[in-house]
Structures are given as structure tokens and as C-alpha cells.
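Spelled out, the chains give:
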Amino acid sequence: MLADMIESIAKILFIFGMNIGFFAPVLGWVERKQSAVMQDRIGANRADIFGFTVIGLFHSIADAIKVLTKEDFIPTGANKFFHTAAPFISLVPAIVTFCVIPFGGRYTLFGHDVNLVISDLDVGLLFIFAFSSLATYGAVLGGWSSNNNWSLIGGLRASAQMLSYEVAMGLTIIGVLMVYGSLKLTEIGVMQENFFRWGIFMQPLGFVLFLTCAIAENKRAPFDVPEAESEIVAGYFTEYSGMKFVMFWMGEFLEIVTISGIVTTLFFGAWHLPFITDQMLLSFFQFAGSNGASILAMLVNIATFFIKVIFFIWMQMTIRWTLPRFRYDQVMKLCWKMILPLSLINIFITGLVFLR
Amino acid sequence: MGVEIQRAGVSPDSLKNLTDSEDSGHLLEGSVILTKLESIVNWSRKYSFFLYPFVTACCGMEFMSVAGPKYDLDRFGAALPRFSPRQADLLMVVGTISHKQAPILVKVYNQMTEPKWVFAFGVCAVSGGFYDNYATVQGIDTLIPVDVYVPGCPPRPEMVIDGLLKLQEKVAKEKWSDWPKGASPVSKC
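Residue numbers (the numbering used here), protein chains in the order written: chain A, 1 to 356; chain B, 1001 to 1189.
Rather than coming from a laboratory, the hints here were simulated on the basis of the structure. We put the beta carbon where it would ideally sit given N, CA and C, even for glycine. Hints may contain errors.
Said to hold, decoys possible - Simulated pairs of lysine to aspartate or glutamate, EDC-like, Cα-Cα distance not exceeding 20 Å: (1) B:LYS1173 with A:ASP48; (2) B:LYS1100 with B:ASP1141; (3) B:LYS1181 with A:GLU71; (4) B:LYS1107 with A:GLU71.
To be verified - Pulled from the structure, derived: some chain B residues nowhere near chain A, Cβ distances all over 10 Å: (5) VAL1106; (6) THR1113; (7) ASP1147; (8) GLY1163; (9) LYS1170.
Work out the full structure, taking the sequences as your base and the hints as a guide.
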């Protein structure tokens, strides 16, 4: 009982610390630096603490302290409750969805069964969809409660875009479900122990469609029509200042991490290295005793998982700084006329192959 | 008609007046913890300007050049343009402000959330420049408080960067007591 509690608290602290403490500030820096590298600039490098600049990493800290000390503004005529609640509603789902994503296998440690996922739900994938669709309310409520026309337009665009892509995203995933026959993310992970059973080989089309839908769901460029600066000032968070505005942003960054986690779990072998099973890892680390072997194998699992996640974060950042923004009707056309039929075809072909 | 003479020295009444007055912030100077906090906050503010480019004229080209890859304002942390005044810290007034434009500028300034700074970019924004006529505002400091003046027609990118560094120095020296309290100093236009 106590061991269970310690285990869950340790896992929660690890994921929470990884997301809020590591990914949220570092992604702000990565976005700045990667855009600078891609645009042949130097990028932020002046903020120093005692003369150390750490290639501009302290700019994230400077931004954080500045937005915390900035005036908190609620426009006249705004709905105070929803205006304050909206950033939280859009930030929380991004953090919560990570709790069903496995970041390692199942090991025995000191006679205790350790499963490296915060909550091993049977309906893990449905849970992710349920919570990621809650993020829509953050954008819509933020736009509606601000009492501002630009915000309202941004909120409406966000709602239409996110709902449309949710439909398409649900259909792209069905192919994966048919292949692995489970909604449980740990089971999907275990089944990808064999390198040739990785999702990318079973569902190549499904992967491309899912990643597209996920980026669109996250409202980042090239799908950032809800906050299109050139058209509607700043979209649904036009009237937000200081920390609340940055919370929308943090939600966006954390959603990048979550998307990368889901993509890794479903299509890129979760925590597995190619051609190496967990059993092989355990026998390789046998020199450290059975507990030591488990710990080392766990560390290898976690490192593998997060390296894959970081790769997909890098990929999404590259996409964001490469492509220009779609026009709004193009976004809708891409969803309903291209991705949706393609995902239906994907389901059909998958069905034919697995019909036997 | 009598003249009230305040006696020097500390009495309970004078102390109360001192703490109730608007300058009570001055009492906090010299406190070590507060100055440390002040310097940390100022450090973060000077390296994290979110710009609001209020671009009205030809200086805009020069602004693009200084924000672009060659001169790169991002090095100083002043890269992110926010087109919503609520999220911006630094109002870059780039170009000529005509009298028709003036109410818009004041409105944008009033919409910005504290703390906020103003950067007069180019001689037209600084003093009206050679537009010494009925149509042009003779310097935006007749409308809103200005922190840095960068003259030039247009100013060279090096001058703009120098102005930004001067502004950073100014921000670093700000005192808690200087921070604005209450309503905006600029009324509706």
C-alpha cells in the first residue's frame, strides 16, 4: 500500500517536473533558438546571471519573472469568472493527458511491481481524446468572455477548427486500434517490442494524418488561424495580459510534448529501442543484481522514450517555422475534404488486410 | 489666513502623514531585501521586452531591418512582437504621427498594461522632423510620455540598438517608488 503510494507520487512528480519544470521553459528557449538558427540569426543571448549567459537560456527566466510582475487586466464588460478560468481550462488538459502515456515497461523492484505509467487506464486513448477536446473550451471561453470582437472571432475559429480536427483525428486512430486491438496504451507499447510491429510500419498513412491533425488541434502554425496576428490582432487571447496570456502559451508548449508522447507511443515503439526487448535489457544488466538491472533497464526505457519525444518536438518546431499560415477555408478544406476521406480509406485498407 | 508650520522631528501624526501620502514607496528604499527583489524584477524586465510596433511611415523599413537577421533585436530579448497592446511592454512609435493618427496612438498607449515604455523611433516621432506643418504632431512627447528618443531620418540600426541598450540601463535603475500607481497618467484623447 505504502509502496504503491510512493511509486505513484514519484511518477507524478517525475512527469509533472518534466513537463512544467523542464519542457515548458526549455521549449520557449528552443523555439527562439531554433527560429534564430533557421532564419540565420543569432537569437537571444544577452540575459546573464553573474556573467553567464548559457546561450540565452536565462531569457526564459526573464520572460517568466516579467509576465508574473505584469499588470493583470480584465476588460470592462468581460465575464470575470470565465475570463480567469479560460487559461486554466486550456492549460490543465495538456498536463493531465500525459498521465496515461507510458514512459517505460513493467519491472519488479524490491519485490514490488513497478509499471512506468502514472495511470494504466483500460481506456487510455479515449481518455486522451476526452481531455484534449476539453482544451477547446479554454479557447472558446477565452474568446467569448473577453467582450472583444477579435477575441470572439478567434474563439469561434478555434472551436470550429478544433472540433473538425477532433473528428478526423479520432478516425485516423481507428486504424491503430484495429492493428493492436487495444485502447490501453501500455498494451500498445508492449506489442511494439518487435521492431517490425512498430506503428509506423503498420500504419504509415495513419501516422502522417494523425500528426497533421494533432498539430492542427494544437493551433500552432501552419494552423494558427485562431490567433492569426495579421488578421485578428491576437485571436482569442487578445485581451489577456501577463501570466494568463503565457498560460495559453504554456498549454500550447505542453501540448506539443503530449502530442510527441502519443505519437511515440502509438507509432514509434513507445519505450523500446529497435531490436532490443525489455528482457534482453534485463539480462544485459544482470551484473548489477536483479534490482539494479531493473533500475538500469528502467533508465534506458525512460531515456529512449524521452529522446523520441524530443525528436518529435524538434520536428513540430521545424514544421512551425517552415510553413506559412493556411487561409481559414483551406484549413477546413484540408480537414473535411482530404484528411477525413483519407482516414476512412486507411480504415478500409486496414480492415481488408486484417480481415483474414 | 494662517500658515501651518510642520515641526521637524518624528511625531505620530507626521509619520502617519508620511505613510499615507502617495510617496510612501520612498520609505521602502534602502531595505536590502526589497532592493534585491527590485533588481531581479528589473533584470527580467530589461531582457524581456515584447514590442508593439506602431508603424506609420517609412521608418518601418528600418525597423524591419533592425528586427531582421542582420541586426537581430532578438539578441537583446526584444524579439517578440505582440500585436495586442495588452501583452506588449515597449511601444515602438515608428514614423510620422499626424493629428488624425494621434488619438489612435494615445488609445493604444492607454490600452497597454503596466509596466510599459515608449520608444520614439526616427526624427518624425521625436519632434515632427521636417514636417513642420499643421498636419503633423510635433513630437509624440506632446501626447504620451517617452522613454527613449532615437533621431535620424531614418535612424541607423546601430542607433536603434544603442537606444534599446540605453532603455535597458534605464529599466535596470528603476525604483519601486517610480512604478506607476493608480490611473493612467494620460487621459482619454
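For each hint, the structure was consulted:
1. B:LYS1173 with A:ASP48: At roughly 17 Å apart (the allowed maximum being 20 Å), ASP48 (chain A) and LYS1173 (chain B) satisfy the hint.
2. B:LYS1100 with B:ASP1141: Distance ~16 Å between LYS1100 (chain B) and ASP1141 (chain B) Cα, so the pair holds.
3. B:LYS1181 with A:GLU71: This hinted pair holds, its Cα atoms lying about 11 Å apart.
4. B:LYS1107 with A:GLU71: Answer holds: LYS1107 (chain B) to GLU71 (chain A) is near 17 Å, not above 20 Å.
5. VAL1106: Label holds. Min Cβ-Cβ 18 Å, cutoff 10 Å.
6. THR1113: 4 Å, violated
7. ASP1147: Since the minimum Cβ distance to chain A is about 16 Å, ASP1147 (chain B) lies beyond 10 Å and the statement holds.
8. GLY1163: Consistent with the label, GLY1163 (chain B) stays out of reach of chain A, its closest Cβ about 15 Å off (over 10 Å).
9. LYS1170: The assertion about LYS1170 (chain B) holds, with a minimum of 16 Å to chain A.
Going through the hint list in order, the structure does not satisfy hint 6, though it satisfies all others.
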